[in-house]
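The chain contents come next:
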Amino acid sequence: MNIPTDLQYTKDHEWIRREDDLAVLGITDFAQGELGDIVFVEFPDVGATFKQGEVFGTVEAVKTVADLFMPVAGEVVEVNSGLEDAPEQVNSDPYGLGWMVKVRIADSSQLDDLMGASEYKELVA
Amino acid sequence: MAADGLRRTPLYDRHVALGAKMVGFGGFEMPVQYTGINDEHRAVRSAAGIFDVSHMGEFRLAGPGSLAFLQRVTINDVATLEVGQAQYSAMCYSDGGLVDDLLVYRRSDHYLLVVNAANIDQDFEWLQSNAAADYTLENISDQVALLAVQGPASRGIVAQVLGAELDTLEFYHCRETRVHGRDLLVSRTGYSGELGFELYTDPETAPRLWDDLLSAGEAVGLQPAGLGARDTLRLEMKYCLYGQDITAQTNPIEAGLGWITKLDKGKFIGSQALTRVKEEGPRRRLVAFVMQERAIPRPGYTILAGDAPVGRVTSGTQSPTLNQGIGLGYVDRPFAKAGSGLEIEIRGKRARAQVVKPPLVKGTSLLA
Chain A
1 MNIPTDLQYT KDHEWIRRED DLAVLGITDF AQGELGDIVF VEFPDVGATF KQGEVFGTVE
61 AVKTVADLFM PVAGEVVEVN SGLEDAPEQV NSDPYGLGWM VKVRIADSSQ LDDLMGASEY
121 KELVA
Chain B
1 MAADGLRRTP LYDRHVALGA KMVGFGGFEM PVQYTGINDE HRAVRSAAGI FDVSHMGEFR
61 LAGPGSLAFL QRVTINDVAT LEVGQAQYSA MCYSDGGLVD DLLVYRRSDH YLLVVNAANI
121 DQDFEWLQSN AAADYTLENI SDQVALLAVQ GPASRGIVAQ VLGAELDTLE FYHCRETRVH
181 GRDLLVSRTG YSGELGFELY TDPETAPRLW DDLLSAGEAV GLQPAGLGAR DTLRLEMKYC
241 LYGQDITAQT NPIEAGLGWI TKLDKGKFIG SQALTRVKEE GPRRRLVAFV MQERAIPRPG
301 YTILAGDAPV GRVTSGTQSP TLNQGIGLGY VDRPFAKAGS GLEIEIRGKR ARAQVVKPPL
361 VKGTSLLA
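Residue numbers (this note's numbering), protein chains in the order written: chain A, 1 to 125; chain B, 1 to 368.
It is worth saying that the hints were derived from the structure and are not from the lab. Keep in mind the model is a prediction, meaning the values are calculated, not measured. Treat the hints with care, as some may be off.
Stated by the list, open to error - Calculated pairs, DSBU-like style, for lysine-lysine (alpha carbon to alpha carbon, straight line, at most 30 Å):
no., chain 1, residue 1, chain 2, residue 2
1, A, LYS102, B, LYS349
2, A, LYS11, B, LYS349
3, B, LYS362, A, LYS63
Unchecked claim - Output of the computed footprint for chain B on chain A, the stretches with three or more beta carbons under 8 Å from beta carbons of chain B:
no., region
4, 28–41
5, 58–64
Glycine residues also receive a C-beta, built at the ideal position from the N, C-alpha and C atoms.
One chain only, chain A, in its complex shape (with noise of 0.2 Å):
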């Protein structure tokens, strides 16, 4: 299972790659696999707020449907619409072209609570 050790984690399986005051999410590998096919990725809105741990979209996969929770508060300012068409990017390459929402983080302090990818690991093993 891959967990690049530049990332960010958190409980809900999501990674977060800060980027100066952005941060780029998406779901981790576990996770994907976990989801199956993943043929539908509801997202929010360019320029909706949300707070931490917030839901802001869905994943639907073909057996199953799962929630995307916020990592951290923030502005959402762009959202990958290239898994509109391509929805099995976040199967076979979930931290590249499967990302998945770009945020302007609000409060950057919250990064502090989530996880690295030691402590991730540990989480899935």
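Here the structure of chain A is known, so what remains is to put chain B in place on it, guided by the hints.
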């Protein structure tokens, strides 16, 4: 038995070696997928898939009273069944609610009943509680392993492995043969909507047969397929799943199983209640629907017509063939006609759906 109380089929080690994702289903630890549901689904529709369905239950019924007993406890007409023929049927409670759906095979000297895994114990107890005279009923589930090979390429694969001609084996018929020196029953049945065969064997032979079939089918695209694909395949055909689309709270008339409900065969358990439902017309009907926008219906979602709730989704998925959300659900009768426009409430939003005449996927190899 695994630590969590789940039972394993004789093919458990094969699934693990193939990297299957294992889940609990009907009390068994079963493969839900190997490479992915979509991939396995498409293999079955275009070439062939092999399924381990050894979790299914088998009962053996023998003796002169067998026919009379089966006529009383099942809703289809067993008298029409010839030796070597299979029949889709169901058992009902006296109020018309479904105990289970099942296959009844007539063999030369006995009947074989095949029931759902989750219902094995409950079905057997129910049958015993309705006991009649002059037959023996035996639960042989642990002595039987069941493999299903489904798909347009299935006939060649199975024929090669069994060393038998299968061109003359008709739909819903079975034949006895031998493989690895052991008896085997091959039946032209399945749950995929494609041409397919189900092989009843013993637990010792099952792994060798699995290996034989996989290697014989490799060249034509045979893939191992899990319960995930089994579910999407059956949904595209509107085949009912017990526990979701049919339950003790639903009757076969409203479920669209009127064609197996032979009210004129004589009295059977549930016949009085079902005659009344038929005469009055069912209040609701199980329908198949296709989403008209990008959304996936799931069991439990509310079905609306205008602003009024008119039913509930019992099964739903993204159809790998149609690339659209599809589902089954009970709706009040006025809204059950093909073409009716409905809405499904999905996480507080509404998505449009249309009732369609089953099957949802047409032109399969089922009768090829």
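Verify the coverage statement for the region 28–41 of chain A against chain B, using a C-beta to C-beta distance below 8 Å and requiring 3 or more qualifying residues.
holds (count 5)
Given pair status - LYS349 of chain B, LYS11 of chain A, alpha carbons within 30 Å
Roughly 28 Å between the alpha carbons, so the hint for LYS11 of chain A and LYS349 of chain B holds.
Within 30 Å, alpha carbon to alpha carbon, are LYS362 of chain B and LYS63 of chain A?
At roughly 22 Å apart (the allowed maximum being 30 Å), LYS63 of chain A and LYS362 of chain B satisfy the hint.
Taking 8 Å as the Cβ threshold, is the statement that the region 58–64 of chain A is covered by chain B upheld or broken by the three-residue rule?
n = 4 at 8 Å, threshold three: holds.
Run the distance test for LYS102 of chain A versus LYS349 of chain B: straight-line Cα separation, threshold 30 Å.
24 Å, holds
The structure shown violates none of the earlier numbered hints.
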